[in-house]
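Enquirer: The residues making up each chain are set out below.
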Amino acid sequence: MNIATCPFPAIAITATDYAKCGSTAYCYVEPRNVVRAAKYFFEAGYFIEDVCGLDLEEGFEVVYHFDSFTAPGRVSLRLVVPHDKPVVPSIAGVFPGAEWHERETTDFFGVVFEGNPNPKPLLLPDDMTLHPLVKEQKKRQPAVNVFVVHRLSEGKEPTAAKKKPADEDEEA
Amino acid sequence: MSEIQTGDYYTRHFSPGPSDDTLIINMGPQHPSTHGVLRIIVELDGEYILRCEPVLGYVHRMHEHMGETKSYTQYLPNMGRVDYLHALAWNWAWCGAVEKLAGIEVPERAQYIRVLTTELNRISSHLLWWGAYILDLGAFSPILYAFQDREIIMDLLQIPTGSRLTYCYFRFGGVSADLSDAFLAGLKDFVPYLRGRLPMYRDLVTDNVILRKRCEGIGHFSPELCRRYGATGPVARGSGIDYDVRRAEPYSIYDRFDWEVPVLEAGDAMSRYLIRLAEIEQSLKIIEQALATIPSGDFIAKGAPKPKWAPPRGETYFAVEGARGKIGVWLVSDGTKTPYRVKLRAPGYCNLSLFAEAAQGVLLADAVSILGSLDLVIPEIDR
Amino acid sequence: MLQTEIIVPAELVRLVLGIVALAAFVGANAIVLVWLERKVAGHIQRRPGPFEVGPYGLLQTAADAAKLIGKQLTMPAGADAFLFWLAPILAFLPVFVLFMPIPFGENLYSLDMDLGLVLILAYAGFGVLSLCLAGWSSHNKWGLLGAARAVSQSVAYEIPLLLAVLAIAFMTGSFNLQAITEGQGPWPWQWNVAVQPLAFFIYFACALAETNRAPFDLPEAESELTAGFHTEYSGMGFGLFFLAEYANMIVVSSVATVLFLGGWQGPVFSGWWWFLAKVYALILAMMWFRWTYPRVRFDQLLNLNWKWFIPLGLANLLVTVAVV
Chain A
1 MNIATCPFPA IAITATDYAK CGSTAYCYVE PRNVVRAAKY FFEAGYFIED VCGLDLEEGF
61 EVVYHFDSFT APGRVSLRLV VPHDKPVVPS IAGVFPGAEW HERETTDFFG VVFEGNPNPK
121 PLLLPDDMTL HPLVKEQKKR QPAVNVFVVH RLSEGKEPTA AKKKPADEDE EA
Chain B
1 MSEIQTGDYY TRHFSPGPSD DTLIINMGPQ HPSTHGVLRI IVELDGEYIL RCEPVLGYVH
61 RMHEHMGETK SYTQYLPNMG RVDYLHALAW NWAWCGAVEK LAGIEVPERA QYIRVLTTEL
121 NRISSHLLWW GAYILDLGAF SPILYAFQDR EIIMDLLQIP TGSRLTYCYF RFGGVSADLS
181 DAFLAGLKDF VPYLRGRLPM YRDLVTDNVI LRKRCEGIGH FSPELCRRYG ATGPVARGSG
241 IDYDVRRAEP YSIYDRFDWE VPVLEAGDAM SRYLIRLAEI EQSLKIIEQA LATIPSGDFI
301 AKGAPKPKWA PPRGETYFAV EGARGKIGVW LVSDGTKTPY RVKLRAPGYC NLSLFAEAAQ
361 GVLLADAVSI LGSLDLVIPE IDR
Chain C
1 MLQTEIIVPA ELVRLVLGIV ALAAFVGANA IVLVWLERKV AGHIQRRPGP FEVGPYGLLQ
61 TAADAAKLIG KQLTMPAGAD AFLFWLAPIL AFLPVFVLFM PIPFGENLYS LDMDLGLVLI
121 LAYAGFGVLS LCLAGWSSHN KWGLLGAARA VSQSVAYEIP LLLAVLAIAF MTGSFNLQAI
181 TEGQGPWPWQ WNVAVQPLAF FIYFACALAE TNRAPFDLPE AESELTAGFH TEYSGMGFGL
241 FFLAEYANMI VVSSVATVLF LGGWQGPVFS GWWWFLAKVY ALILAMMWFR WTYPRVRFDQ
301 LLNLNWKWFI PLGLANLLVT VAVV
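Chains as they are written, first to last, in the working numbering: chain A, 1 to 172; chain B, 1 to 383; chain C, 1 to 324.
No lab work stands behind these hints, which were simulated from the structure alone. None of the hints are false.
Over 10 angstroms on every C-beta distance to chain A, these chain B residues come out as not near it, computed from the model: (1) P192; (2) N208; (3) E265; (4) I300; (5) A304.
For lysine-lysine, the following DSBU-like pairs were computed, each having C-alpha atoms within a straight-line distance of at most 30 angstroms: (6) K308(B) / K135(A); (7) K39(C) / K67(C); (8) K139(A) / K20(A); (9) K139(A) / K337(B).
By construction, the Cβ of each residue, glycine as well, lies at the ideal position given by its N, Cα and C atoms.
Hey, can you work out the whole structure from these sequences and the hints?
Expert: This is the structure:
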């Protein structure tokens, strides 16, 4: 899969070294396109592994892991939303299994998944306003400090080649 | 008469359905067949379930936050507490993720030790599930037989690990202690012993007509349903999905052994039941081969990380096959002594999420059967 | 002084003595049976069962009884107090009536009546009423579900039970239990079970269902309904249901012994000991089933009844009538 043949609008697609990072590709999309991306993965026969949040200086990164029963090879679908307006369309309409993962991410990070059929706290109490995995401002790291992308073509030399999420924020 | 509490508080998020002669009932968190503290809000029409909704979080401990506050080594004991029934698989998932991130090589003997102990732990998990599931169906005795066998496993695993349930045995680059001769000899005896017991279980329990009537055709999951909800492990394999992480994303030395991934097409509770019993046999097969070929050598890599060690920055995803399905650890490191982010993918969480859809329209007794056939460990689901 | 001679009819003396003796018998038996059940369960499950309290754990039941009696009786808010406490009493009281016509030995009975069998069948119906009241008045949804199950189960299984019993009554031509006993010989092949094996099978299966014993323990169904109709009962409220269950086990086994197994007659030394031995053998079988089988599902239970037991019972009765 590359950016030219990608059937959904992606910002960047990086083929990665499966042996090192556990994914065959990172696929960055704008938040508004995530449902289209999920539909592609659904039709391509993938199942949803999990939805993870990550608190970075640039914003909340939401990572969807998809894998396939028949042709194993994890694909990680990623998007970044700003801290002050963390809203992502829900993919629970495509993968109903995402409902709980999204609710969990809402619990932990405060990321709102618009269109989740059951947007209630799942693991944390109803009256809890704290989102435990949101980091203090000074502890937040920029993406370049935590992501080392093992490009498949280069392989040996890790490079910080993550796309700057700043422009995504503007478009979103 | 005093004002009666109608329980509205606990079901306030569960709006009543269109019909007013239904019963909204809380199954749990202290219900005998929810195995701990799961609560399911059920709307019943007679004894038929119109809809239901699992309510989680009663044993939520925020393991993922603990991961961000503890050092890599300090987080090891947490793993045994996530899923106490297959603790070693979680040990492996965490150690494997860190090893993958830092590029630590695990010595040959340590790989064998990991396979032996993890498979043994898988058997004990399946045995406990077996007994508890039959208990859910109303037969009291088999669980005691399962416990008798499980007791031997716990005695065995106690020798290298030093604990009986919440093991913390794996280390980055190996395991904490070598296998003693007593363990190896005991394991050698255990394999034929359990093989001899399994036919008895089949004769006494599996072939019982009442049990078959309670399992066959109950809780049919299509492969499509499993895919939409991300169900893995015996639940997916019982629905005809040939997917086992040990085979699909090979890790460690599983590719050296001759074993099969049992798959059944039926997709009902009985097929999930049979899959787990078949997996016990396959695990025995792996153990037998590993015992025969275990090499001598180090049980932990030379230069294995010290407690105050910090891995390089980066991220990785590592998955292992637990007794309940695919255990995944997503680890993000910023190069400091504490992880930047730890995400634990619990298989039971995904497996349970399909329950609400699968239990629509079934009898309450069948819902108990379906719930049991999912093999739930609530601390793993709530994390 | 006016001499008044109080004439006490002999029947009354026998009745009063019988009731006192039966109360002692039921109480003692329940204690033995609870102990026995736990021992049987223990041995089936490869564990010793109770063994700490007294020799062979014999005093375990007494300790349990003391604990149950000492416990606080609680009632949920919103429950109907009168019905709530009536139910366990109603469960236990008819048991005495049920025992009265049963001939334990040649002369060992408290009431010799021609319609003894009818009396037992009539009063056995009280059991379901008490379960229904208990579940209904508990103000608990699990209790309600248990009560609904209890009613439909008991009502359904009473029919094949009656059909099986009627077949014997037709054969003997009497509802008098003593007469039915004497209609059979001392040897096993002279017992009614040899002539009416199907009726015996139907009777025993229905008896399991009527006493709510596994695999037909659906009104309790621990893993489904937490405890069904007695979810809300504590202390002796629960204790009475518990006692009633064991007393009912003795009743159905006794009736089975009388109807099918030749009552107190045995090949040698006929007497009440034969009766007790047969009753206990049946009870042990019931315990064995309980600790071995999973629970059937509710619709399976009713299907079994309406599709198999009732047609079979009817056919059996027709054949019996035709032969007689």
